[in-house]
Every structure is written in structure tokens, then in C-alpha cells.
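Residue numbering for the sequence shown follows full-length UniProt numbering, beginning at 1 and increasing consecutively.
Heads up, some of the hints might be wrong.
[Stated by the list, open to error] With beta-carbon atoms standing in for the labels, derived distance ranges:
| hint | residue 1 | residue 2 | range |
| --- | --- | --- | --- |
| 1 | Ser128 | His9 | 45 to 51 Å |
| 2 | Arg129 | Gly240 | 44 to 50 Å |
| 3 | Glu206 | Arg126 | 25 to 31 Å |
| 4 | Ser186 | Asn138 | 32 to 38 Å |
| 5 | Ser128 | Leu106 | 36 to 42 Å |
| 6 | Glu91 | His216 | 24 to 30 Å |
| 7 | Ser67 | Glu206 | 34 to 40 Å |
| 8 | Arg22 | Arg129 | 52 to 58 Å |
| 9 | Arg22 | Gly144 | 21 to 27 Å |
| 10 | Asn138 | Arg22 | 21 to 27 Å |
| 11 | Arg22 | Asp247 | 25 to 31 Å |
| 12 | Gly241 | Ser48 | 35 to 41 Å |
| 13 | Arg134 | Phe154 | 22 to 28 Å |
| 14 | Gly208 | Gly49 | 29 to 35 Å |
[What the hints assert, rightly or not] In silico DSBU-like links for lysine-lysine, alpha-carbon gap of 30 Å or less:
| hint | residue 1 | residue 2 |
| --- | --- | --- |
| 15 | Lys204 | Lys151 |
| 16 | Lys232 | Lys204 |
| 17 | Lys232 | Lys151 |
| 18 | Lys107 | Lys151 |
Since the hints were derived computationally from the structure, they do not count as laboratory data. Backbone N, C-alpha and C fix where the C-beta goes; we use that ideal spot for every residue, glycine too.
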Amino acid sequence: MSDLLSLSHVSKIYRQGGMLSRRQITAVRDVSLTLGEEPEILSIVGESGSGKSTIASMILGQTAPTSGALNFRGMPVAIHGRSDRRAFMREVQPVLQNPFEAFNPLKRVDRYLFETARNFAPDGNRPSRTEVERMADNALAHIGLTLAEVKGRFPHELSGGQLQRTAIARALIPQPRLLVADEPVSMVDASLRMAIVNLFGQLKKELGLSIIYITHDLATAYYISDRIIIMKKGEIVEQGGARAVLDNPQHPYSRALKEAVLSASPDMEPASLA
């Protein structure tokens with residue numbers, strides 16, 4: 001059985017100053033990782049500039065690697081046409097950092113849900129209005145909302161937490177196998193962060209979803225992850241089971257991250273990290 005996702009010696013180099021410039025920035029260097037078919041939450045942790053969001057962009061097919069191989073279910077992640085893109089996005093969905101940027105402020109939130117339902121109807125045929133609403137309502141139920149609560153409302157009429165949960169519901173409509181969540185709680189009130197993090201654990205259990213959780217927040221990564229990868233300046237410096245890595249970090253950078261979390265929030269649940 002093939003892996004769900006595999007990155008083999010993937011690197012991404014950006015050229016600065018135009019085509020003739022020799023200046024280069026290596027955003028990701030020689031990264032290898034896998035996700036098996038068994039559902040799991042893999043966290044990629046690092047500070048700004050560590051390369052974690054570039055990895056997310058490559059997994060989503062938005063950015064091509066400079067070198068290395070990136071496969072989903074044994075096939076290269078290379079999106080060449082509209083039909084290929086739709087087939088891929090049926091199985092791999094993003095959850096973005098800022099929900100207020102994911103929704104046009106002049107467009108009602110339910111329209112996004114309905115459009116996604118029409119685009120990803122299970123049988124490929126155009127669904128009825130009743131079926132579209134059923135698909136949207138089912139997805140919202142998984143994240144603790146109902147269609148009645150969001151129908152007809154504009155983004156500014158929902159809280160940040162409600163809007164981010166609605167964005168997650170939208171990602172669930174195609175019934176994907178993998179969510180790529182890039183800093184999904186960084187723009188949400190601190191009081192709601194753990195609720196959304198717990199939601200990812202619930203979705204993994206209830207729907208059999210695998211989730212790549214990209215974050216700078218070591219505490220939430222420790223709490224929710226099955227495995228963790230710690231990145232610095234585009235490279236993986238440590239990886240393994242979340243508790244094995246964070247209870248006893250081996251790399252100096254991993255130890256520094258842990259110490260920073262402990263000193264900043266000594267009473268946070270699950271901030272024992274020990």
C-alpha cells in the first residue's frame with residue numbers, strides 16, 4: 001500500500017532580482033516526510049521563515065518544488081489542468097490562516113458553501129438546491145454550527161472563531177482525505193484556539209482525516225499531534241512522535257523552542273510539556 005503523501009528530498013529555491021540575478025533564497029532544503037493511509041495529525045513547527053508555509057504551498061500544488069519528488073497516493077502533485085486540479089482538491093483541502101481573507105466581505109458566507117457543494121458533488125452531476133443545502137449543513141454539523149446560523153450572513157456578522165470553523169466546514173464538503181491547515185488558530189482569540197485545535201482531533205477521529213497542522217505554537221502542536229517536525233531555516237532539525245520529541249528534545253533549537261513556551265505560559269494547558 002502506498003503512502004497517502006510523501007515528500008522525498010524536496011527543496012525550493014527562490015531567485016531574487018529577476019531572471020538574470022544570481023541571488024537565491026533557499027526556502028526549503030532537502031525535506032523528506034511521509035503520511036501513511038492511517039489517519040494522523042502531523043505538525044510542522046517553526047518560526048517565521050522556517051519554510052513551513054512553503055511546504056504547505058507545495059503540498060497543495062500551489063508551488064512547484066525546485067528539486068525532489070512530492071507524491072499524493074503515489075502520483076506526482078503536478079496540477080496541469082482544471083480537471084486535474086478539481087480531482088486533487090477533492091482529496092486535499094486547505095485551511096488558511098486568516099478567515100477574514102478567505103471570504104469576500106461583500107459576499108454572503110453561505111454562497112461559498114453552496115458553490116463548493118456544487119463544484120464537488122459526489123456523482124459529478126449538478127446537485128439540486130436541497131442537496132446543496134444538505135451538503136453544507138452536514139459539513140457545518142461536524143464543526144458545531146448549522147446552516148441556519150450562517151445562512152444569509154456576511155463575514156463581518158460572524159466572529160473570528162465562527163468564520164474559521166465555517167472555513168473548515170467548507171473544506172470538509174468535498175470529503176477530503178487530507179487537510180493542510182496553515183497557522184489556522186493564529187488569528188483567532190486565545191480563548192477559542194484550543195476549541196479549534198480540539199476540533200481537528202475530533203475530525204481525525206470521526207471522519208478518518210489526516211491533517212498537516214502548520215504552526216509556530218509549540219504548545220498546541222504538543223497537545224494535538226501524533227507526530228511533529230521541527231524546522232529551522234528551511235531544514236528539518238528534529239522529527240518523531242510528538243511527546244517523544246517535545247518531552248526530550250535533542251536539537252538545541254528544539255530545546256530553545258520548548259524553553260520559550262514554558263517561560264511564556266507556565267500555567268497553560270497542556271503546557272507541562274514535560
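To see whether the hints hold, each was checked on the structure:
1. At about 48 Å, the CB distance of serine 128 to histidine 9 agrees with the hint of 45 to 51 Å.
2. For arginine 129 and glycine 240, the Cβ-Cβ distance of about 49 Å falls inside the hinted range of 44 to 50 Å, so the restraint holds.
3. For the hinted restraint 25 to 31 Å between glutamate 206 and arginine 126, the CB-CB distance of approximately 28 Å keeps it satisfied.
4. As the Cβ distance of serine 186 to asparagine 138 is approximately 28 Å, the hint placing it in 32 to 38 Å is violated.
5. Against the hinted window of 36 to 42 Å, the Cβ-Cβ separation of serine 128 and leucine 106 comes to about 27 Å, which falls outside the hint.
6. For the hinted restraint 24 to 30 Å between glutamate 91 and histidine 216, the CB-CB distance of approximately 27 Å keeps it satisfied.
7. A C-beta distance of roughly 38 Å is found between serine 67 and glutamate 206, which places it inside the suggested range of 34 to 40 Å.
8. A C-beta distance of roughly 57 Å is found between arginine 22 and arginine 129, which places it inside the suggested range of 52 to 58 Å.
9. Restraint check, arginine 22 to glycine 144: a C-beta distance of roughly 52 Å breaks the suggested window 21 to 27 Å.
10. The beta-carbon spacing between asparagine 138 and arginine 22, approximately 53 Å, falls outside the hinted interval of 21 to 27 Å.
11. Between arginine 22 and aspartate 247 the beta carbon distance is about 44 Å. The supplied range of 25 to 31 Å is therefore violated.
12. At roughly 26 Å, the beta carbons of glycine 241 and serine 48 sit outside the given window of 35 to 41 Å.
13. Here the CB-CB span from arginine 134 to phenylalanine 154 is close to 23 Å, well matched to the stated 22 to 28 Å.
14. For the pair glycine 208 and glycine 49, the supplied restraint of 29 to 35 Å holds, since their beta-carbon distance comes to about 34 Å.
15. At roughly 27 Å between alpha-carbon atoms, lysine 204 and lysine 151 fall within 30 Å of each other, so this suggested pair holds.
16. For the hint linking lysine 232 to lysine 204, the alpha-carbon distance of about 27 Å falls within 30 Å, and the restraint holds.
17. In summary, the hint linking lysine 232 to lysine 151 is not supported, as the alpha carbons are separated by about 43 Å, beyond the 30 Å threshold.
18. The hinted pair formed by lysine 107 and lysine 151 meets the criterion: a straight-line CA distance of about 12 Å does not exceed 30 Å.
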